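Engineer: Now for the letters of each chain:
Number of protein chains: 2
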Amino acid sequence: MVLASALQWIIPIAGLTAVIFAGYLARDVLRRDTGTDAMRDVASTIYEGAVAFIRRQYTTIAILAVAAAVVIGGVIYLVETRDVADVPDLAGAPIAIMTAIAFLVGAAASMASGIIGMFISVKSNVRTAAAARRSLVEAVQVAMRGGAVSGFLVVSLSLLGVWGIFTAYSTFVGGVGVREAPFLIVGFGFGASFVALFAQLGGGIYTKAADVGADLVGKVEAGIPEDDPRNAGVIADLVGDNVGDCAGRGADLFESTAAENIGAMILGVGAFLIAQAAGWPNPEAWIFFPLVVRGFGLLATIVAIFFVRGREDEDPMNMLNRGYWVTTLLSVVGLLITTNVMMNTGAVVGANGIPAWIWFFLAGVVGLATSVAFVYITQYYTAGSWRPVKEIAEASRTGPATNIISGVAVGFETTAVTAITIAVALFASHWLGQQAHLVNTAGHDVGGIFGTAVATMGMLMTTAYILAMDTFGPITDNAGGIAQFSRSEESAREITDRLDAVGNTTKALTKGYAIASASLAAFLLFSAYIDKVNLIQTNRGAPLLTSVNLADVSVFIAALIGAMLVYFFSSLAIRAVGTTAQAIIVEVRRQFREMPGIMDYTQRPDYARVVDITTRAALRQMVLPGVVAVATPIAVGILLGHEAVAGLLMVGTIAGVLLATVLNNGGGAWDNAKKYIEAGHLLDADGKVLGKGTMAHAAAVVGDTVGDPFKDTAGPSLHVLVKLLATITLVLAPLFIR
Amino acid sequence: MVLASALQWIIPIAGLTAVIFAGYLARDVLRRDTGTDAMRDVASTIYEGAVAFIRRQYTTIAILAVAAAVVIGGVIYLVETRDVADVPDLAGAPIAIMTAIAFLVGAAASMASGIIGMFISVKSNVRTAAAARRSLVEAVQVAMRGGAVSGFLVVSLSLLGVWGIFTAYSTFVGGVGVREAPFLIVGFGFGASFVALFAQLGGGIYTKAADVGADLVGKVEAGIPEDDPRNAGVIADLVGDNVGDCAGRGADLFESTAAENIGAMILGVGAFLIAQAAGWPNPEAWIFFPLVVRGFGLLATIVAIFFVRGREDEDPMNMLNRGYWVTTLLSVVGLLITTNVMMNTGAVVGANGIPAWIWFFLAGVVGLATSVAFVYITQYYTAGSWRPVKEIAEASRTGPATNIISGVAVGFETTAVTAITIAVALFASHWLGQQAHLVNTAGHDVGGIFGTAVATMGMLMTTAYILAMDTFGPITDNAGGIAQFSRSEESAREITDRLDAVGNTTKALTKGYAIASASLAAFLLFSAYIDKVNLIQTNRGAPLLTSVNLADVSVFIAALIGAMLVYFFSSLAIRAVGTTAQAIIVEVRRQFREMPGIMDYTQRPDYARVVDITTRAALRQMVLPGVVAVATPIAVGILLGHEAVAGLLMVGTIAGVLLATVLNNGGGAWDNAKKYIEAGHLLDADGKVLGKGTMAHAAAVVGDTVGDPFKDTAGPSLHVLVKLLATITLVLAPLFIR
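Line order of the protein sequences matches chains H and X.
The letter at position 146 of the first sequence is residue 146 when you use the numbering used here, and the numbering goes up by one with no holes.
The letter at position 696 of the second sequence is residue 696 when you use the numbering used here, and the numbering goes up by one with no holes.
Keep in mind the hints are simulated off the structure, nothing from the lab.
Treat the hints with care, as some may be off.
Just so you know, same-sequence chains aren't split out, so a pair can sit in one copy or run between any two.
Straight-line C-alpha distance at most 30 Å; calculated DSS-like pairs for lysine-lysine [what the hints assert, rightly or not]:
1) LYS390 / LYS123
2) LYS123 / LYS675
3) LYS219 / LYS390
4) LYS123 / LYS692
5) LYS123 / LYS688
6) LYS692 / LYS390
7) LYS219 / LYS123
Computed from a predicted structure; not experimentally measured.
Taking the hints into account, I'd like the entire structure generated from these sequences.
Structural biologist: Here is the structure:
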């Protein structure tokens, strides 16, 4: 059918439209009112700090990425001989160069989307603060549009990048068609995850070290309020929101969308071969399918942005939810069109005489439903009105120890509903896929796995919107900080406080979403790894990898090490926050001591020096966990072989997803238990309010501080680690084959 | 060879000798001086509380066990038809009755060893406190001998129980020989783990709820010292040491030794068949081997007890270590004799012309070396003089939040060396086993797996000694409490304080040991499960289970649920401590309020009421986590089948071992960071000591309290959970086969 070929043009059209739309949003945000002089002053200080950090961080990352590209190219040149190459004709130098180029393009695109998104978000902060002086709805719109710039850029650059390099390789390189190209572009995903790992680690360490350090030395030691201008660490804290939450999460989701698209395309090759053998029309549609779905998701999000509106007295969360539901419903329509047009199985029909495309459409709907489920699960566990947060707040009455014990119990508990939801989604999408009766020439049913891939694609359709909501978080957080710092009107601070609370929820939602998509995608990427290994084994006439056998001692050992890695990596990330925070505390203390005018506002603290110290310390601290994350799977793969490393990948993913859930949700619940107490909801035995300044509040602050590095450093870094394991093993598979 | 048959008599001889020796030790302890009237008074109060709890707890457990035996018998009767029975001739009622009997015998033996051990340990407390008034060495000996009663009874009852039921079934039941019997006695292991689960959960919840509750309401709220007689919760706290640490850990290790012996015997059947086919002498020696090794371990420990002696000014840890090294070295000799005599491979030699028995002897030495390695690893992470504990103490200077963050980082970090040590031990023992060239008739090398089994057996040779050291902990802890409570002489309290610190270390060591043996054993029990499934599959002519394929969606889902289960179970256990502690706090507060004479010693607090409330609450709270632990593997097995449940078992074990490591070592490090500060080792910037009463100490107390339910409730309960998963799947395998 011609329609299926035509639909492929949705990919560049949607991608470019989204880039243009991001430009329109950026222009809309940038031309808005920037508020009072005091606001502009603090905003420009934040801007300088953020730019200084990002410049140094991305310089470091760029150097690491170029070095990594050379090493990867070299290793592939040496290892990927004719014997073990995906495309034997390209063995040696050609495949090494193509992988290195894909790696660098992926790394560069990830860096670009991170930098631009961060730039706009820093500019949106002050404009949100200024808008809050006039109107809640306007403030919501400014923050959401600023966030959407990141969202659109990340998703469209990932889409255009994968599509571009795929098209380039399949069109211009001899011997490479649509069948081979997916295997050759895995370097793009690896490059993206490599950058994401260091972006998330460096930003995550920076933001939480600054937060913890500034709070401990300001609120606890000196007894001045949060975001008070007398605290020399407060600008570093505000800078941290931008470099950690914005740039870090942007890189994380860039990498998700890239890696999972490539994985789905590799699985699409299996369907392509079936379609070719059976003579179905448009076999290559199966390979392009993931990208087309993503394109529809972008278009749905563009429409949805215009639905973010409401009344002044409305809960801002409702406005954001409205847009989310529009995105979801339009995505269902897009999915229906795509599966109907592109999944033509000729005369073959699925179970019960129902066409295959309907089964796959339903699998995609399972993915979208999973995304919705996680939005509500995360709200239940981390929002103030439900049992878990209340339980932690109640436990705060007997001090910090019971607050911590209760928070850990809640964090552990959240794994149950998370795991069960993922299990149901995987099982359902796999079952639906099996009903499509997609059987390859060897007689294996590949529909089940492809069903899980379609579910992942369905889930990821809303990524741009989710990411916009996520970036809304740090923008409003900063806007609140700017309002407080510039001693803005009470009414404006009330509005930014409301937005900040909503931002906390949206940030938590994104993490739940990222975790759920990582788990669905794990299975997909794992299957892609097996496909790649078997492509190589077929080429060399070696026995296929049909099973990753946990009863094999090497696989078991690798699985044990994979599960250990997520703890050890988290330990390094958490300790890095502690070490960096200590450096900040020492410096702020010094300024209080040596500059006595700070406390009565006659002397301006040296903010820049704290920013500089934080920057150096965070960048130094990000290297060790990053190197451990990259080196462990490679070492295990070389020592124990390609089957064992698959065990490391799978069990490491399971362990990483669960530990990230514990850290993210535990941290979110602690944060909101503190807010619950501050809002005056906790009562003592006589019905008196236990609010700010009580022992219970102090206990809740301890929990909140403990949760900070959990939910904003270690947890999000684990998302990246999990996907990095998948892309490393995909790219370096030839190195592990014995 | 006649010698190999003769050596089998070591099993009953060593078992009975150990029982008699335990009787001698008990008599020796019981006839010692019981101190002052005040001491006897508090000791008898503790005794009453402990007996009351144990009576109610074991009544509940007995009811649950009988109900479980009926259910298991019924299920096996219905499910284990001729088609899926291990021994087809016994299908239906006979096998159901035999399994139910084995279950009940295992449960009863476990309960007996727990009750007797606890009884002696409660009696040893006051005698240790009395001895401390005279001599350090005498106090060490009383506590160690009291602990050794538990150690010997647990190991010998487990050995005699397994041997007895094995001999009974293989001798008196028609159609059952040594080849079939190992499969028929797995019910014994299940019964033992069933009891251990509830004993450890109930005791663990009791002990930490009492500890946390009494500390919070006494030390924090009322400002009176630990173990002060005015605190109505303090007797419950002292009772808790006995019912949690003694009875709980005893049940845990009873179950380990039973389950792992049976698993090793099942693997021995593989070697037995090879030996039979090849006509080697004494094929049944391969099946008896694990029990003989255990017998030698008991004899080694009896000798070692006499080496626990030293000078008055010596570090008590040295005296205990001396005995440990004697046990280890004698165990090496025992292992050498056993492997040499029992592992006769006729004309077949292993790699490089070295006899098979030498390879297996070396595998056993790997196990003993692993045990030694864990003793030192645990010391590094939880003893006061090394980096991790110091790091936590330093972090306490900036308050409870940084103390907690630092402790979590240390806890996570400990997984690295744990996992690597286990990986090396598994790899080495598997490799050594492979060198023995033990090839079965189907051409499969079974030596590798058998090597890991021999390593596990080697490691477990020192169990009785380790358990004696472990029980030394609560005995000295209680002795300290009694000395404090009865306001004993300063010199006696100094000695009990020193012993208490050593006891903390030995308790931590045991947990490291239990975890390491659980990991080695996991592989062994997992292989036993596969052997059992394949025995059934062979009988019914169905395809064998040759692989547990992680790439299969059902296996992946089951693995995810297995890893989730350990978090969810821990969450329930930790929450149970919090709930129970709240009940204690409310009651002690009420007594302070309504009985004003307590504070000036004119009124005696109602200790019994607190004990009673704690007992009821702990028993109520142990049911839910216990039921979740038992029900989850059964549900997954029924829904997803026998291959998937193997995935749950393996990945659940990996996740459980690592999470238990985090909880045990994190908790231990927090505890010792507090002690480090109390000992005056922490200095501020000006070199002044930051000791008791400082902010830093208060922060460290928070960490210690958080660590309590981690290291003494959730962590140890996870050890049991991991082994319960293995015994459940072993017993109910026929239920899961499709």
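Engineer: Would you mind marking each hint as holding or not holding in the structure?
Structural biologist: Okay, the hints, checked on the actual structure:
Taking identical chains as interchangeable, the C-alpha atoms of LYS390 and LYS123 are never at most 30 Å apart, the minima being 36 Å within one chain and 44 Å between chains. For a Cα distance limit of 30 Å, the shortest separation of LYS123 from LYS675 inside one copy, 27 Å, qualifies, whereas the shortest one across copies, 51 Å, does not. Taking CA atoms no more than 30 Å apart as the test, LYS219 paired with LYS390 passes in both settings, with 24 Å inside one copy and 26 Å between copies. With identical chains, the CA atoms of LYS123 and LYS692 are never at most 30 Å apart, being 33 Å at best within one copy and 50 Å at best between copies.
Taking the shortest Cα distances, LYS123 and LYS688 never come within 30 Å of each other, neither inside one copy (43 Å) nor across copies (48 Å). Taking the closest pair of Cα atoms, LYS692 and LYS390 come within 30 Å of each other only inside a single copy of the chain (16 Å); across copies the shortest separation is 33 Å, beyond that limit. For a Cα distance limit of 30 Å, the shortest separation of LYS219 from LYS123 inside one copy, 28 Å, qualifies, whereas the shortest one across copies, 52 Å, does not.
In summary, the numbered hints that this structure violates are 1, 4, 5.
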